[in-house]
Amino acid sequence: MVLGVIGADCHAVGNKILERVFSDAGFNVVNLGVMVSQDEYIDAAIETGAEAIIVSSLYGHGEIDCQGFRERCVERGIEDIILYVGGNLVVGKAPHEEIITKFKAMGYDRVFTPDTPLEECVNYLKKDIESHRAENGKNHQY
Amino acid sequence: MVLGVIGADCHAVGNKILERVFSDAGFNVVNLGVMVSQDEYIDAAIETGAEAIIVSSLYGHGEIDCQGFRERCVERGIEDIILYVGGNLVVGKAPHEEIITKFKAMGYDRVFTPDTPLEECVNYLKKDIESHRAENGKNHQY
Amino acid sequence: MKLFQGKIPENEFMQMREDALQTWPTGQDVDLDDAIQYQRGLPDSMNFARKMYEADQAKQVLLQPRAGVALVEEHIQLLKYLEPECDLLPTTIDAYTRLNQYNEAQRGIEKSKAAGQSLLNGFPAVNHGIAECRRVVESLSKPVEIRHGTPDARLLAEISFAAGFTSYEGGGISYNIPYAKKVPLEHSIACWQYIDRLVGYFEEQGVNINREPFGPLSGTLVPPFASHTVALLEGLLALEQGVRSITLGYGQAGNMIQDIAAMMALRELADEYFQQAGYKDYELSTVLHQWMGGFPEDQAKAFSVITWGGTAAALSKATKVIVKTPHEAFGIPTKEANLEGLKCTRQIVNMLADQEVPETKQMLWEVDLIKRETRALMDATITLGNGNIAEGAVRAFQAGVIDIPFAPSLANPGKMMPVRDNHGAIRILDFGKVPIPEDIRKIHRDLIQKRADFERREASFQMVIDDIYSISKGRLVGRPR
Amino acid sequence: MKLFQGKIPENEFMQMREDALQTWPTGQDVDLDDAIQYQRGLPDSMNFARKMYEADQAKQVLLQPRAGVALVEEHIQLLKYLEPECDLLPTTIDAYTRLNQYNEAQRGIEKSKAAGQSLLNGFPAVNHGIAECRRVVESLSKPVEIRHGTPDARLLAEISFAAGFTSYEGGGISYNIPYAKKVPLEHSIACWQYIDRLVGYFEEQGVNINREPFGPLSGTLVPPFASHTVALLEGLLALEQGVRSITLGYGQAGNMIQDIAAMMALRELADEYFQQAGYKDYELSTVLHQWMGGFPEDQAKAFSVITWGGTAAALSKATKVIVKTPHEAFGIPTKEANLEGLKCTRQIVNMLADQEVPETKQMLWEVDLIKRETRALMDATITLGNGNIAEGAVRAFQAGVIDIPFAPSLANPGKMMPVRDNHGAIRILDFGKVPIPEDIRKIHRDLIQKRADFERREASFQMVIDDIYSISKGRLVGRPR
Ligand code: B12
Ligand code: B12
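Residue numbers (this note's numbering), protein chains in the order written: chain U, 1 to 142; chain B, 143 to 284; chain V, 285 to 765; chain R, 766 to 1246.
Honestly, the hints are just simulated from the structure, not real lab data.
A few of these clues could be false.
Computed cross-link-like contacts, DSS-like style, restricted to lysine-lysine with a CA-CA straight-line distance of at most 30 Å [said to hold, decoys possible]:
{"no.": "1", "chain 1": "V", "residue 1": "K645", "chain 2": "R", "residue 2": "K772"}
{"no.": "2", "chain 1": "R", "residue 1": "K772", "chain 2": "R", "residue 2": "K876"}
{"no.": "3", "chain 1": "R", "residue 1": "K1100", "chain 2": "U", "residue 2": "K93"}
{"no.": "4", "chain 1": "R", "residue 1": "K1126", "chain 2": "R", "residue 2": "K1100"}
{"no.": "5", "chain 1": "V", "residue 1": "K343", "chain 2": "V", "residue 2": "K564"}
{"no.": "6", "chain 1": "R", "residue 1": "K1207", "chain 2": "U", "residue 2": "K16"}
{"no.": "7", "chain 1": "V", "residue 1": "K645", "chain 2": "R", "residue 2": "K1180"}
{"no.": "8", "chain 1": "R", "residue 1": "K1238", "chain 2": "U", "residue 2": "K126"}
{"no.": "9", "chain 1": "V", "residue 1": "K426", "chain 2": "B", "residue 2": "K158"}
{"no.": "10", "chain 1": "V", "residue 1": "K734", "chain 2": "B", "residue 2": "K158"}
{"no.": "11", "chain 1": "U", "residue 1": "K102", "chain 2": "R", "residue 2": "K1100"}
{"no.": "12", "chain 1": "R", "residue 1": "K772", "chain 2": "R", "residue 2": "K1045"}
{"no.": "13", "chain 1": "B", "residue 1": "K158", "chain 2": "V", "residue 2": "K645"}
{"no.": "14", "chain 1": "U", "residue 1": "K16", "chain 2": "R", "residue 2": "K878"}
{"no.": "15", "chain 1": "V", "residue 1": "K601", "chain 2": "R", "residue 2": "K1180"}
{"no.": "16", "chain 1": "R", "residue 1": "K1100", "chain 2": "B", "residue 2": "K235"}
{"no.": "17", "chain 1": "U", "residue 1": "K16", "chain 2": "R", "residue 2": "K1238"}
{"no.": "18", "chain 1": "V", "residue 1": "K426", "chain 2": "R", "residue 2": "K1238"}
{"no.": "19", "chain 1": "R", "residue 1": "K824", "chain 2": "V", "residue 2": "K734"}
{"no.": "20", "chain 1": "R", "residue 1": "K772", "chain 2": "U", "residue 2": "K16"}
{"no.": "21", "chain 1": "V", "residue 1": "K343", "chain 2": "R", "residue 2": "K1215"}
{"no.": "22", "chain 1": "R", "residue 1": "K1126", "chain 2": "U", "residue 2": "K93"}
{"no.": "23", "chain 1": "R", "residue 1": "K1045", "chain 2": "U", "residue 2": "K104"}
{"no.": "24", "chain 1": "B", "residue 1": "K244", "chain 2": "V", "residue 2": "K426"}
{"no.": "25", "chain 1": "R", "residue 1": "K1126", "chain 2": "R", "residue 2": "K1082"}
{"no.": "26", "chain 1": "U", "residue 1": "K104", "chain 2": "R", "residue 2": "K876"}
{"no.": "27", "chain 1": "V", "residue 1": "K564", "chain 2": "B", "residue 2": "K235"}
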């Protein structure tokens, strides 16, 4: 999986913790750190054959930075990749449901607010990767 | 004027300050202190020929304690007396307008929440007593 | 009721109980054996005395809110809502019950039922009776205390202990002087001797019940020595009747050094006087009340005052802290506001749990001052009582030896006038007849003069008024406007 | 940009300005004479430097919020709304402008106009240009500071000073290491030499502009010696270019003694190093930032953290305090939440205004420790620079002499690992290459070991993670769950 903080966002603390948590959970984590552009994620995902991209945005510009990420993945040929996003995704304080709906509409598979326990996310990711593998197995007959 | 805290209410601090403020403003204050019954106010008003009764209620039972005060004044023959009430008049936090309407309906001439500057009340009282005297002058032709 | 000297003999006490239980129909249901049986059946985790003892040993600060509404179901909901965020639960009694006006309380219950909301400022436990009160206790899993302000709280005590409440706030002085106008001190003290004897009886039967004299009194500029004197007297009166678990209280004054010093002095003085009087087997704990005077109306400011109260409790290692709410200036808080007060307090108490204030010269000087002041009042009171603490207390108020600022009781001399010094500590502008020695008076005079000089005005009643409003207007020292 | 040694000569500086003003069309409108004329026309009451000086003399604590939204009208409304409750106003710049991405900022402005709400996390001053920015300044009557996080803030500075802003936060280190990833330190420091030179130019013309290096850095478990070293270096760099009014900052760590000691040490160290370097004619003031790390989501708890920050500022007599809001954990605060943070802080700062913390042995020990630590880093840096502070700073980061915990910049060594001791003070678990002498390392080791023993676990990265979350989870020390 590829991990990073998108856009012009410099919040580094959560990123270091996410790296640690996902590594401890057995994932192979490629951490791009802060200030990562959409293409940098995709480059890394293609290079490493990653199954998931985990995007963080803390600084409030998430709405602008995260738009079009799924479309870009499609363009670059990794349309199926699991896309998660989490953090303080919008400017200001908005209802959780509103945020989740907004980012799901952008094509993110799961959307997390800062209060979600990280174990939950880890479990989702394990599940999603499994079912993804199963599906891919079916569809593409590897 | 007669001053006191109505019912079973023991809040004594505001009462001491009100005494001081009204005295300093030139009123002749009969302060009955805390825990004053409706009849005690009326007795004192009749005895001293007071022109106004100033009721405080802080402890939340104001709604129960203050009911029927105007009626009682009528019964006891001082129907015209100026009746003010102030303090934390109801249980809990309610909109000011609601409280004022409720107590005006009970027959209080003016209703004050704890945040009113006391000078305002003093000025009202001066005005009300004057216009009262003028009116009484007209009506009763003293 | 008349004052007792020493522990009330059991047979005499049992006769007195007959009368007390007559005063309202629900009293008939009290059966002491059943009560003890019931109390014994409660788990240790619901016993207030045990919890206080453990916290004291562990130097923990426990949190307790105030809360009480007219109807049982509503009251249960309220306490269950607060339970997760506090360590100790309250049941705050309404003002009619506090004055034994059970008929008015009944009217309040009916009106509340009709209005669909509580029109009483507390829970009328006597009117609800034992069975209903047990329903409250059984709905909860933390210890519950009865908090009130009742000069004659005998029947309330009987019902409370029978219902499984395991702590009882108040005392013959502290629940008269600030709460009543015409109740003679002899009467309220005698009533509380009865209550302490009742607790003593439970203790004899192996049931622990915590007792907590009400520390803050009028909550308004009370100097530590005045409230400490009352706390010590009520502590001695309680121990005399067989109380074992005793929590002495103090209302935050606002100056950090004075508050920490006051809490240190309180504990040391208690051990001094209790042991001097021959008591060994007591469990002492302390409680700090967050600022008890007028609050700012603005909620953000109220949170600041609440946090500062939590700070004082944590830094002085109080065994528990009584928590205010952001609605304080307006009225009985909603349950949400009450919870917010707890959460705010929990955060600061936890953040300070591991921090220590080093003792400084200034702190120790203040501790020593408070001790000397308190001893002056205590010793004069004990002398007046001639061996009888209860008598001494009554005479001390008559003689003006004890004098509580802004208290409504006619039994209170009302001559002593407090004011803040230039750092916000509470000092005395006019001692009335309180027998503070001249060297200490001079200290007060000088400290107040420093403030007067700084403010370029005379120390006067106007300064006192400014101090009464100061915290609600956003400061500690009421500077001229 | 390359590093300068000493004050940049005026002609060279003027040439450099040409380039900087080219970087975005609004730069064309900057005219230095007009700017100076405009600044001279502003009343003293709107001058940040004057206000800081007066507060410092009077030992007052001034309050300043953070605030900035995308559009001018909205931004004015926001600042006017906050103005009555604060002493100093901010204009917080958005994150695109901070990275000189003026095109993105422009998109943000357009999108915000379309959405009818701010979609930027700050005010894009460069895009709005001088005339619009002057509209902001002229709508207000208190001094306004530009607060940002911009490694290359030359154009922003030019526009800001021309528009009448009278204080500018940041520095070549403090606005790079925590805010950027790939910007070389040489570049950002050189840019800030330019900015300080610009301020120096205004000072030469008799216009006072306040400069404030950003104290808290990553806001996360930064030990005082690390941020103090950066503050002192940026202070020296600023004075070198002619800055006179300098405000050094510190982010609250949470332990009362360490925080007060840090503020005392900061002031004393500044005077020590500034005077040693031959500067006399500077005006030093300090700023304390309320807790800059992760906040609790619960607002009542957030108020508690805010109050504790106000307490630290008041007790350490900071010249100003930067105020957080109850929305901190979620997002850019509403104006109401912002005001609440100010009101809450005002209440505690005022309640503590007249109180004093006596110096204790422990406090002085901590002051001395922080000074010795900071001197170790400073002296190593100065040696590396061989007389050139700017060079020294760059080499110090390269050599691992300075190391900021949790900073994203690739120029940061990222080897030093902080952790709290058993009382919550920040100590160092792994010093990396930071040249702290062995006797002090032993002090840290022992203090951390005490905590490890208490918690019955090894001091490890897990402990650090627990400390990162601790305040947001309601404690100071991240105890094992
Ligand atoms: C100090 C205090 C106490 C002390 C009182 C000591 C004493 N004997 O005086 C003690 C601790 C004993 C106490 C007890 C109780 N209290 Co009390 N107490 C307060 C507190 C904190 C401050 C009151 C005060 O002295 N303020 C300072 C003075 C100067 O202001 P003031 O009293 O408001 O008076 C001013 C104004 O109201 C106004 N005013 C008053 N009357 C009038 C009349 C007119 C005409 C005008 C113009 C103005 C006016 O002018 C006054 C002077 O400026 C308030 C909350 C607050 N305000 O912060 C609660 C409060 C008043 N108490 C309250 C309650 C409920 C009680 C208790 C019933 C206990 C309980 N259930 O919690 C008991 C009362 C028992 C009884 N029999 O009365 C509630 C009332 C609730 C409500 N209305 O919904 C309050 C609001 C706290 C709360 N939020 O729960 N209390
Ligand atoms: C520390 C901090 C800073 C430091 C950052 C230092 C650094 N380089 O890391 C400094 C001071 C430099 C800083 C700067 C800024 N900050 Co800042 N900062 C914070 C603060 C206080 C704590 C962040 C933190 O470290 N938390 C601790 C970590 C462990 O938690 P976390 O970051 O939230 O990450 C966790 C979760 O979000 C979650 N998570 C994150 N991503 C993902 C992804 C998935 C898939 C999942 C499951 C979970 C997940 O898991 C993480 C680990 O537990 C927050 C507010 C807060 N939270 O209290 C504001 C905050 C994030 N900052 C904010 C802003 C706006 C800024 C600035 C733009 C300045 C400004 N205008 O105020 C600049 C950013 C400039 C830039 N280019 O990015 C805003 C964002 C506003 C919004 N979203 O509406 C916040 C919320 C503060 C606020 N209320 O205004 N900040």
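Hints, verified against the model:
no.: 1; hint: V/K645 <-> R/K772; verdict: violated, 49 Å
no.: 2; hint: R/K772 <-> R/K876; verdict: violated, 42 Å
no.: 3; hint: R/K1100 <-> U/K93; verdict: holds, 12 Å
no.: 4; hint: R/K1126 <-> R/K1100; verdict: violated, 43 Å
no.: 5; hint: V/K343 <-> V/K564; verdict: holds, 21 Å
no.: 6; hint: R/K1207 <-> U/K16; verdict: holds, 28 Å
no.: 7; hint: V/K645 <-> R/K1180; verdict: violated, 42 Å
no.: 8; hint: R/K1238 <-> U/K126; verdict: holds, 27 Å
no.: 9; hint: V/K426 <-> B/K158; verdict: violated, 40 Å
no.: 10; hint: V/K734 <-> B/K158; verdict: holds, 27 Å
no.: 11; hint: U/K102 <-> R/K1100; verdict: holds, 24 Å
no.: 12; hint: R/K772 <-> R/K1045; verdict: holds, 16 Å
no.: 13; hint: B/K158 <-> V/K645; verdict: violated, 38 Å
no.: 14; hint: U/K16 <-> R/K878; verdict: violated, 36 Å
no.: 15; hint: V/K601 <-> R/K1180; verdict: violated, 38 Å
no.: 16; hint: R/K1100 <-> B/K235; verdict: holds, 24 Å
no.: 17; hint: U/K16 <-> R/K1238; verdict: holds, 18 Å
no.: 18; hint: V/K426 <-> R/K1238; verdict: holds, 23 Å
no.: 19; hint: R/K824 <-> V/K734; verdict: holds, 19 Å
no.: 20; hint: R/K772 <-> U/K16; verdict: violated, 40 Å
no.: 21; hint: V/K343 <-> R/K1215; verdict: holds, 19 Å
no.: 22; hint: R/K1126 <-> U/K93; verdict: violated, 45 Å
no.: 23; hint: R/K1045 <-> U/K104; verdict: violated, 60 Å
no.: 24; hint: B/K244 <-> V/K426; verdict: violated, 40 Å
no.: 25; hint: R/K1126 <-> R/K1082; verdict: holds, 19 Å
no.: 26; hint: U/K104 <-> R/K876; verdict: holds, 20 Å
no.: 27; hint: V/K564 <-> B/K235; verdict: violated, 47 Å
Hint violations for this structure: numbers 1, 2, 4, 7, 9, 13, 14, 15, 20, 22, 23, 24 and 27, all remaining hints satisfied.
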